[in-house]
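Given these sequences and hints, build the entire structure.
As given, the protein sequences belong to chains F and A, one line each in that order.
End of the first sequence = 200 in the numbering used here, gap-free, step of one.
End of the second sequence = 1231 in the numbering used here, gap-free, step of one.
Some hints here could point you the wrong way.
[Stated by the list, open to error] Covered by chain A, per the in silico footprint, the following chain F stretches (three or more residues, Cβ under 8 Å): (1) 36-49; (2) 63-71; (3) 76-82; (4) 136-149; (5) 161-173; (6) 178-187.
[What the hints assert, rightly or not] Below, in silico cross-link-like pairs of lysine-lysine (DSBU-like), each with a Cα-Cα straight-line distance of 35 Å or less: (7) F/Lys192 / F/Lys53; (8) A/Lys1081 / F/Lys166; (9) A/Lys1224 / F/Lys176.
It should be emphasised that the hints constitute simulated quantities derived from the structure, not laboratory data.
C-beta: ideal position from N, C-alpha, C; glycine also.
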Amino acid sequence: MKNLSDIEIIESVKRGNQADFSLLVDRYKERAYSLLRRMLKNDFDAQEVLQDCFLKAYRSLDSFRQDAKFSTWFYRIVYNSALTFLSSKRRKEENEMTSLEDVLELKSYDTQIYAESENAAQFINKMVEKLPEKYSAIINMFYMDDMSLDDISKITGLSIVNIKVILHRSRNALRELILKHKYYEELL
Amino acid sequence: MNHLTDETLNKYIDNEMDVHELNIVNEHIKTCEICLQKLKAQKVVDTNLRGISQFKLPEGFTENLMQQIAVIRPAGIHFKPQKSYLLRFIFLFLGLAILTFFILSLYEVSQSSSSLSADKLFWYPEFLKKISVEVNSYSALFKSQTISLIGGIFTFILLISAYFIYDSHRDFKNRLNNLR
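In structure tokens form, the structure reads like this:
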């Protein structure tokens, strides 16, 4: 019965049961890794940053306020670590509002990904990886982790309005490609 | 009517429309093939985004991480060593057994001192003879029924509390074990 809450596990770790931290690791590692993998576009970098994130979280457990959700607190560490990593690699820095051109860059991948995909699901899955970091992070949190706009806002530091703009732009750009390849006929 | 805007399509997908707006959209797509296709495409995007795959970490990630964590301590957390509850119970039991034996010895001596002659007391150790005098005065105190009653209730409450503490601890340990 996996019914221990995050707070109960943290309390247990704080009481000295160091090994119980692995319960939190197993609970969040795949989802956090997916977020990092989509932001950093690289397996090795994502694993390295994820390891640092868990170590950072473990060292800072005492600063975790228990009135907050552990998932939100941990995702903020993950998201900020990814941005720090990206800026340290001197990749292109984005402002809070990334320009529309970033999304439109999807078109340059279109031909190749369309050729490699057998259906809409595969096409969209591959296209999401080509989205700019913040876009793919928000898509990942909203769709895969089923997070609320409020939680995403707390994690990313972006306003809810801007998160919605990013979501809409991503979906609109993908929709144009779906229309182009007539994938909507799958719905018929 | 104008075609559906991007904003309208997104509101439709996110269920942010009221009944009136929904009716307008539904009426429009009955006669506009372009907007119907757009709406279908938007649905395809939304449905497939919900199913985007999770990336898998290589085996052994948790084990490697926990090996690193084993040598560090989180800031501000003061570790308490794991206590052996079995060992503590054994010590407590032995302590209580020794105490009970000692009290019974004293009781026996005090009874003997009141009923036996000085010749027979000769064989008892000297320090027990001295203590037995004190015991006689204390035993008078515990002859009161009120004190015995209070003592009994207090012991009962202690036993019940001990049981609940033990039970909650066992429950927590079971839940932790079930997670592993």
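Against the structure, the hints:
Counting residues of the segment 36-49 of chain F whose CB lies closer than 8 Å to any CB of chain A gives 8, which reaches the minimum of 3, so the coverage claim holds. Counting residues of the segment 63-71 of chain F whose beta carbon lies closer than 8 Å to any beta carbon of chain A gives 5, which meets the minimum of three for the stated coverage. With 0 residues having a beta carbon nearer than 8 Å to a beta carbon of chain A, the segment 76-82 of chain F misses the requirement of three or more and the stated coverage is violated. Coverage of a stretch by a chain is defined here by at least three residues with a beta carbon nearer than 8 Å to that chain's beta carbons; for the segment 136-149 of chain F and chain A the count is 3, and the condition holds.
Residue count for the segment 161-173 of chain F with a Cβ under 8 Å from a Cβ of chain A: 0. That is fewer than the three needed, and the coverage hint is violated. Under the rule that three or more residues need a Cβ within less than 8 Å of chain A, the assignment of the segment 178-187 of chain F holds, with 6 such residues. For a cut-off of 35 Å, the pair hint linking lysine 192 of chain F to lysine 53 of chain F stands: about 26 Å separates their Cα positions. With a CA separation close to 41 Å, the supplied pair lysine 1081 of chain A and lysine 166 of chain F exceeds the 35 Å bound.
Between the alpha carbons of lysine 1224 of chain A and lysine 176 of chain F the distance comes to roughly 44 Å, so the proposed pair goes past 35 Å and is violated.
The structure is inconsistent with the numbered hints 3, 5, 8 and 9, although it conforms to all the rest.
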